[in-house]
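Asks: If you want the building blocks of each chain, they are given just below.
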Amino acid sequence: MARRGIAKQVTLSLLLAILTVTFLYPLYFMLINSLKSRTEYFVNPFSLPRGALQFENYSTMISQFKILNLFKNSFFVSAGTVVLLLVVCVFASYVFAKYRFRGRTAIYLAVLTTMFIPSQVTIIPLYVLFSKMGLVNRYWSVILSYLALFLPEAILLMTANFRAIIDELLEAAEMDGCGYFQRVRHVVVPMGRAAIFLSIIFYFITAWNDLFTPMIFLQSMDKRTVMVALAALMGRYTGAPTLQFAGLLLSAVPALVVYIIFQRHIIRGLSVGAIK
Amino acid sequence: MKRLFTFSLLLVFLLASVAITLSSCGGKKEAVKLTVWMNGADSIIGPTEQQKPQDQWYVSQAFRRFEKANPGVTLELVVQADQGAAHTNFKTAGLAGNAPDVANLWTGQPIFALKEVILSLDKLVPADDLKYIVGWESVRDGFKPDGTILGYPAAQNQICHMLYNKAIVKKAGMDWEANPPRTIEEFDSALAKIKAIGVTPIVVDEAAQGVPWFFCWVADYWWTQMTTNDGILEETYGRKKFAEDKGFLATLAYYRSMYVKGFFRKDLTTANDSFTQFLNGKGALWPAVTSFLADAEKSLGADCGVLLPPEFDPNAKLVNSTVGGPGQSFVVAKNTKYPQMAVKLISFLNSKAEVLAAQKINRYPIVRTDVTPEEMGWVPGSNIAKLHKYSTTYNYWVDNLLTSGPAEIFYTQTSLVAVGKMTPLQLAEAMDKKAAAQ
Amino acid sequence: MTHTTRASLRDSAIGRKRTRIKRLEIFLSLLPVVLILLVFRVYPIVTALAKSFTNWDGLYRSDWVGLRNYVTFVQEGTFWMILRNTLILLLNVPLQVFIGIVVALLLYERVAGWRIYRAVIYTPQIISAVIIGFLFKIFFGFEGPFNAVLKAVGLGTLAIEWFGNSYTALGVIVFSIVWFSIGWQAIVILGGMSSIPPSVFEAAVIDGANYWQRAFRIVIPMLVRVLEFSIIASGVWTLTQLFPFLFAMTKGGPGYETSTLDYMIYLKSYGLGFGRDYGTATAVAMILLLLVLALTVIEMRLANRADDWG
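Residue numbers (the working numbering), protein chains in the order written: chain X, 114 to 389; chain D, 71 to 508; chain E, 135 to 444.
Some clues are possibly wrong.
Stated by the list, open to error - From chain D, some residues computed to sit far from chain X (all C-beta separations above 12 Å): (1) A139; (2) N140; (3) K161; (4) S190; (5) V195; (6) D245; (7) E304; (8) A313; (9) G317; (10) Y466; (11) Q496.
As the list claims (entries may be wrong) - Here are some chain D residues pointing at chain E (derived, C-beta under 8 Å): (12) T482; (13) S485; (14) K491; (15) T493.
Please keep in mind that the hints were generated in silico from the structure rather than gathered at the bench.
Here the structure is a predicted model, which means the values were calculated and not measured.
Cβ atoms here follow ideal geometry from the backbone N, Cα and C, with glycine treated the same way.
Based on the sequences and whatever the hints tell you, model everything.
Replies: What follows is the structure, given as structure tokens:
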């Protein structure tokens with residue numbers, strides 16, 4: 114690494130630094146505006162707050178808007194989706210990656226094809242279907258919708274990753290008497306954990322931030338997710354933007370936490386040798 | 071054997087008595103539960119309320135009052151995050167048979183399109199309501215005075231106007247409180263005077279909201295002065311042509327000339343900060359509806375004025391008016407189990423007492439003829455009182471007259487005419503093509 | 135057991151039982167996936183396909199009209215513009231992949247401050263598209279900061295109305311998508327790099343390869359499968375999930391100049407709350423589906439590496 118030109122290194126570092134600043138700017142924007150009064154925001158959205166800092170936006174969010182309750186709903190949906198997604202995906206991807214059977218390519222491609230369907234189109238038939246199943250306004254409707262949406266992409270990711278697992282490891286495990294579940298537990302999951310952690314990050318955050326699906330399927334006030342509730346704060350004619358920013362900032366926290374916890378593990382796999 | 075027999079008899083007795091008690095429970099007055107969808111931000115629930123806990127909102131308290139007056143009834147409030155999507159949701163829920171008993175939707179074509187899943191209220195609306203509430207034409211199918219009643223106009227009214235900055239106008243040598251521009255020529259020269267002192271006359275985000283703001287709030291009035299609402303209806307139903315509508319073409323031509331003369335900001339179709347600019351004195355006028363008055367008055371104080379649109383055609387039958395009216399409605403789903411109770415609730419929300427209570431929180435010109443501005447506590451001559459004068463003489467929202475085909479073109483492409491990317495005739499022809507395909 | 139070959143295993147009774155167990159494993163592993171997708175994806179899309187040949191208004195009107203929806207839509211003056219927009223926006227994919235690789239390499243090599251960068255790069259993905267769209271719109275607005283900077287450095291002639299014209303608006307949107315996606319690309323690639331044994335790198339160093347040679351000749355070929363994933367996933371995202379961004383930034387405008395097929399589906403089915411045009415909306419969705427399939431097939435053919443999928 115020392116052999117690379119210092120100039121090159123400095124330029125790259127500088128670019129990364131600039132990039133980092135731009136990445137953080139939206140959070141900064143929401144922060145300064147969440148501390149302003151509504152009229153002050155309309156007058157200048159980019160200045161630092163001039164009047165008294167409106168911490169009430171945050172206290173309102175917690176005590177009166179009951180954002181923690183909304184977190185609970187979002188969490189049930191996001192965590193439920195991720196857990197089920199992992200369970201279904203790991204086994205399916207393992208089979209796609211390491212087993213040979215007739216029709217494997219066909220089924221794999223068929224699964225992938227469902228990825229290409231935009232969700233706006235399936236939402237109405239799904240609503241009618243869930244209505245007949247009595248699942249409207251239950252978490253299951255959103256979880257199942259997300260599962261159907263995320264499965265193909267997650268399988269694509271995990272299969273790509275699992276294929277890199279060295280066959281000899283699996284054979285060795287089988288020779289040692291490991292059954293199917295044990296092979297998954299002792300070989301596939303540890304070796305494929307990059308893809309697993311990536312999936313946890315992607316799909317938890319995608320589900321957490323999604324507006325469209327829960328807006329349609331979870332309408333009762335006590336089951337609304339955070340993003341849906343916050344969207345109701347801005348209409349075409351009126352709105353409470355500063356309050357909304359406080360809420361958005363607060364709801365970014367769990368997503369960031371999930372990311373920070375799991376992203377360390379993705380790179381940790383670097384130094385761990387594969388052949389023990 | 072005898073024991074067994076006695077035992078069985080006892081058991082049967084027990085079961086019978088339990089069954090009888092249970093069935094008599096069902097005979098008592100059944101609990102009535104109504105689900106109500108409310109617009110989250112643009113209607114009865116205002117921005118200031120969502121800062122309070124839900125049970126302190128005006129609408130929640132109104133519900134409690136209703137429940138108290140009608141024991142056995144519970145109301146479940148559902149806030150719709152996106153009013154546009156609410157219509158599609160209502161439609162889908164209606165298809166599935168579980169649309170909410172009462173829903174707060176828009177008026178006009180949006181609910182006409184849903185009439186297959188909306189309950190007709192012809193036989194259910196009390197006569198007093200028909201008498202004292204304004205705006206029924208907006209909820210009657212086809213806007214006909216005898217059309218099926220599809221809902222109630224919601225208890226508030228938006229009136230279109232232009233907010234203006236008195237200080238800038240004064241600097242340009244005018245006083246619009248004493249002498250507002252009332253003809254299109256006066257308006258034109260007034261804007262030119264403002265431009266002459268170096269201030270952008272009209273700041274507006276013409277496309278940022280997906281709706282051409284200036285055109286919808288102001289120019290639509292000019293259009294309907296010449297063509298009348300009925301004329302526009304004929305065109306949207308395909309019986310007449312937009313391309314032959316002289317009023318429409320003339321309005322569009324003037325709209326384009328306003329841009330050419332520099333009366334609009336240059337980035338008309340891509341801007342999204344016009345309200346901010348207006349509040350900072352960088353623009354003289356900003357087209358608005360009543361909801362924005364409070365924020366504008368807070369920022370500009372005494373410098374905040376309201377200007378009603380000038381007359382494009384002084385010989386028109388429609389004068390001294392502006393676009394507005396009940397843009398929101400309350401509808402009842404066809405699949406409701408309690409139609410009378412649903413109507414009773416809506417009637418309650420529109421009652422004089424409730425309207426007065428609601429207005430304490432959200433100021434709008436109101437839809438009842440038996441409420442005076444004094445009762446509302448509005449100072450005569452104040453901006454809100456000025457707007458209130460139009461609460462019975464408004465001209466119903468022109469863009470809600472359009473059916474979805476022409477509406478799609480109108481909403482997405484009208485702003486292009488201002489910047490010259492499309493000619494008025496091209497816009498009209500595109501709308502005709504859609505109207506014909508319906 | 136350890137001395138018998140696979141073939142004899144298969145032939146014996148134990149071998150046949152093994153095969154049966156394996157078949158069961160395959161079946162049960164794939165069953166949940168197939169079921170979920172059939173019920174919640176295939177069934178709705180088949181319904182949608184059927185509806186695309188009708189004049190369905192979302193409610194009870196549903197008369198067969200054959201290919202009319204498709205024909206009308208393709209014949210609308212805006213169809214080719216929309217198609218063009220959709221394809222131009224796809225240019226973001228190679229850009230984000232390239233930058234993503236560079237960033238991933240830098241993080242892998244632990245450039246100064248890498249921990250901070252790694253923690254921060256995913257942030258845009260966590261922020262709602264509405265805020266991102268709003269900020270980009272202001273930033274590149276006619277009177278916004280970007281133009282102000284251009285004027286300040288004397289490039290005033292370039293300070294145009296970025297969102298006012300099709301190509302420049304699309305350019306800004308591509309830029310914003312790349313900005314938004316760098317973090318995602320980088321961690322996907324890092325994830326892929328984590329399964330490359332360090333011995334490969336060590337061997338390369340011994341062989342005397344310098345940094346860039348190591349990076350591009352060795353690492354990238356090993357990442358092919360991961361890159362294939364990220365290219366397909368970002369391509370599909372651009373084609374089917376871009377809607378919130380477009381809505382926040384341009385609303386598909388001016389006019390239809392930045393509308394895509396994905397956006398048109400929204401407009402036709404939800405547009406302003408009373409879209410009656412579900413028949414056309416589903417037809418557009420079918421057209422989009424065909425487009426995506428076509429592009430993916432092309433991509434897979436181009437990336438035809440030797441592996442046992444073919």
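Asks: With reference to the structure, classify each hint as holding or not holding.
Replies: Now the hints, each set against the structure:
1. A139: 23 Å, holds
2. N140: 21 Å, holds
3. K161: Its Cβ does come within 12 Å of chain X, the nearest being 9 Å, so this is violated.
4. S190: 24 Å, holds
5. V195: At about 27 Å from chain X, D/V195 clears the 12 Å cut-off, so the statement holds.
6. D245: The claim stands: D/D245 keeps its Cβ more than 12 Å from every Cβ of chain X (closest is about 26 Å).
7. E304: 28 Å, holds
8. A313: 30 Å, holds
9. G317: Label holds. Min Cβ-Cβ 27 Å, cutoff 12 Å.
10. Y466: Nearest chain X Cβ is 17 Å from D/Y466, so the label holds.
11. Q496: 27 Å, holds
12. T482: 6 Å, holds
13. S485: 7 Å, holds
14. K491: Holds - the Cβ of D/K491 comes within 8 Å of chain E, reaching about 7 Å at its closest.
15. T493: Not OK, violated: D/T493 not within 8 Å of chain E, min 13 Å.
Hint compliance for this structure: hints 3 and 15 are broken, all remaining hints hold.
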